[in-house]
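Visitor: Top to bottom, those sequences are chains B and H.
Quick note on my numbering: the first sequence kicks off at 1 and runs consecutively.
Quick note on my numbering: the second sequence kicks off at 369 and runs consecutively.
Hints listed in this document are in silico derivations from the structure and should not be mistaken for laboratory results.
Glycine residues also receive a C-beta, built at the ideal position from the N, C-alpha and C atoms.
Hints are supplied without guarantee of correctness; some may be wrong.
[What the hints assert, rightly or not] Stretch by stretch, here's where chain B covers chain H in the computed footprint (C-beta under 8 Å, at least three residues): (1) 369 to 378; (2) 390 to 402; (3) 474 to 488; (4) 576 to 583; (5) 619 to 627.
[Claimed, not checked] DEER-style ranges, computed between Cβ atoms: (6) B:E187 / H:I497: 27 to 35 Å; (7) B:N281 / H:T479: 43 to 51 Å; (8) H:C521 / B:A260: 40 to 48 Å; (9) B:G58 / H:I475: 35 to 43 Å; (10) H:G501 / B:A260: 50 to 58 Å.
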Amino acid sequence: MKTYKKLVAGALLASALVSQAVAQEAVKLGVIFPTRTIIGEQAVHGAELAAKQINDAGGILDGRMVELIVYDSNFSAVDGVSAAQRLLTQDGVKYILGEISSTVAFAVIPVVESEEALAMLAMPKHPDVTNSGYENVFRLNSTSQIDAASFGKYLTETVKPEKVAVLVQNDDIGLTSLEQMKQLFGEKVVFSDIFDVKQADFSALATNVRASGADLVCVTAANPEQSGGVFRSMADVGYSPKRCLLPGYLNNDLPDVAGAAAEGVFSQDVYIDTIDSELNNTFVKEYLAAQGKVPGKPEVLGFETVWIVAKAIDAAGSYDDVSKVAKVIRDTQWESPRGKLRFNEIGQALTEKLYNTVVKDGRVVRAD
Amino acid sequence: MELLLQQIANGLSLGMAYALVALGLTLVFGVLHVVNFAHGEFYMLGALVTVLVVKSLGLPYIVALLVAIVLVSAVAWVMDIVAVSPVARKPGGDQIVLVSTYAAGLIIVETVLAAIGPTPIAVSGFSGIVHFGSVVLTMHRVFMFAAGIVMICGLYMLFARTNFGRSLRAVAQSDYAAKVVGIDVERIKTLTFVLAGGIAGLAGGLIAPIITFNATMGLHAGIHAFVVVVIGSMGSIPGAVVCGLSLGMIESVLSIFLGQHVAATLIYSLLLVTLFVRPQGLFQGALR
């Protein structure tokens with residue numbers, strides 16, 4: 001009888017310990033970004049801030065902490081697939097968050113589908129990213145089509161250029177934007193050129209674009225060292241037309257890199273740090289305290305990946321029921337530092353507006 | 369005509385940047401008979417040191433260049449001790465050095481990324497614009513070109529007029545014969561590797577104000593330098609200089625007609641053509 005009592009007591013103790021362990025087990029979210037690039041690092045910092053805010057508020061699913069497992073996708077489809085497979089099969093996560101490149105996203109989505117997981121993509125811009133047919137794929141960034149419609153309207157109705165030059169990086173984003181600008185301006189495009197994503201010297205390019213006589217030069221370059229290099233080289237040869245960066249790429253790194261040559265460069269974006277809302281003010285304040293600089297779009301999209309998925313898991317009451325979590329994501333209007341957003345039927349985030357931005361006094365500010 | 373002249377000037381500036389990075393690489397191959405796959409990282413470190421000395425310590429740019437030469441030479445010396453000399457002495461070592469220097473280069477890049485991060489950092493060199501008729505160049509590009517010419521002349525004097533230069537040329541021709549006449553071959557090889565590191569450090573410091581420092585800049589520059597060195601004959605100093613300048617001009621001038629990306633791609637096509645038509649390069653044996 002005594003032995004029986006000991007067994008029951010032991011079983012109860014073990015059961016309590018196990019349930020406590022389960023209660024304390026962290027909720028794992030997989031994050032992939034090209035972490036060794038500035039834009040990838042910024043996005044990871046945003047994701048980490050979201051996890052910190054959620055954990056500081058007590059976590060999700062009755063007190064479980066959110067744990068991020070971050071891998072480098074290296075702007076490479078091979079590395080991105082490898083990272084996703086590792087997260088899904090070795091680390092046991094069911095949620096892949098992040099990424100910048102559409103190419104990587106296209107490669108990762110079938111892996112996510114094969115494991116019946118969920119992807120919350122941060123920055124890929126290709127319209128077809130959310131057209132894979134797998135319903136658990138979401139994307140936060142605006143697409144190149146959304147950007148083109150909004151920015152094209154601004155360029156044609158407000159800027160009204162006579163001659164347009166378009167300089168783009170040699171990847172899917174750059175080439176797509178080049179085609180869109182040609183469709184928008186037709187014969188007004190008097191010069192266009194494509195540069196390598198690792199190109200460092202833009203003196204020849206700047207000389208050629210100056211010779212075109214364009215009064216508006218639009219650049220598509222993901223890295224500020226490249227867009228900054230283009231604008232600096234244009235200034236070096238004494239050429240100062242109106243200059244724009246295609247939506248999504250203008251942040252405070254450009255004036256840091258290009259100095260005075262960046263003054264007046266304008267663009268549009270889904271986020272600007274001066275949005276006056278309680279959530280954004282807290283986001284900016286805490287990011288500034290943690291990183292010593294104000295956040296931009298990469299940071300806010302990185303933040304949103306974790307913020308929305310973690311809150312959706314909490315609302316669904318389950319980590320493992322991915323379909324239920326996906327339904328919550330689709331059915332909810334989300335509050336984010338950039339404002340309210342919701343997802344359409346194919347998983348594309350729809351935001352309230354794109355903000356006109358410009359570099360003024362060495363900083364990106366709202367233009368209107 | 370104005371556009372063509374401007375692109376020739378741009379090309380000379382771009383070509384000097386290619387030549388400066390290629391010089392150290394070809395020097396190491398000519399004397400040590402190994403390919404240093406970390407050479408681009410020496411160039412990156414030169415840019416990094418220059419940026420940090422100017423921006424963090426507030427010292428003048430010229431001082432930063434001197435610090436870059438000294439510190440990158442020291443890094444090259446350490447790399448020679450750790451990843452080159454002990455490996456190159458072994459049978460088949462000249463091939464294993466490819467891997468050991470590649471690994472050392474990765475360690476350098478990852479260390480810089482961990483310490484500095486991927487954020488690009490701009491630094492100012494010499495400000496101002498210089499007009500040559502209708503051709504416009506920044507003062508810093510003119511300075512870089514002039515500094516490159518001075519360095520090339522200095523290297524020529526070093527090789528032609530000093531005991532070190534004579535010893536270096538002897539080792540380049542034959543380790544065995546150099547030993548027979550009493551030259552400390554290992555010491556000359558180490559000094560050559562350190563000299564090449566210093567040249568790359570100077571190149572990085574000179575080019576940093578033009579292209580903006582970032583931790584991965586060495587990889588791309590290393591590839592371009594390799595193309596220049598192969599076309600100009602591996603081990604040939606004149607080959608590196610002439611081919612660097614020529615490729616820079618070809619790339620700039622062709623961009624008028626073909627666009628930037630096609631012109632840049634053409635450089636790699638020239639590498640293939642050279643390997644087919646004249647695999648030993650255009651200036652074979654010029655160091656010797």
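Visitor: Evaluate each hint against the coordinates.
Guide: Now for the hints, and whether the structure bears them out:
Residues of the region 369 to 378 of chain H with a Cβ under 8 Å from some Cβ of chain B number 4, which satisfies the need for three, so the listed coverage holds. Under the rule that three or more residues need a Cβ within less than 8 Å of chain B, the assignment of the region 390 to 402 of chain H is violated, with 0 such residues. A stretch counts as covered by a chain when three or more of its residues have a beta carbon under 8 Å from one of that chain; for the region 474 to 488 of chain H and chain B the count is 5, and the coverage holds. Using a Cβ-Cβ cut-off of 8 Å, 5 residues of the region 576 to 583 of chain H lie near chain B, which meets the minimum of three, so the contact claim holds.
A stretch counts as covered by a chain when three or more of its residues have a beta carbon under 8 Å from one of that chain; for the region 619 to 627 of chain H and chain B the count is 5, and the coverage holds. Take E187 of chain B and I497 of chain H: their Cβ atoms lie about 33 Å apart, and the range 27 to 35 Å holds. In this structure, N281 of chain B and T479 of chain H break the distance hint of 43 to 51 Å, their C-beta atoms being roughly 37 Å apart. In this structure the hint that C521 of chain H and A260 of chain B lie 40 to 48 Å apart at CB is violated, the actual value being about 35 Å.
At about 42 Å, the CB distance of G58 of chain B to I475 of chain H agrees with the hint of 35 to 43 Å. Between G501 of chain H and A260 of chain B the beta carbon distance is about 26 Å. The supplied range of 50 to 58 Å is therefore violated.
In this structure, the earlier hints numbered 2, 7, 8 and 10 are contradicted, and the remaining ones agree with it.
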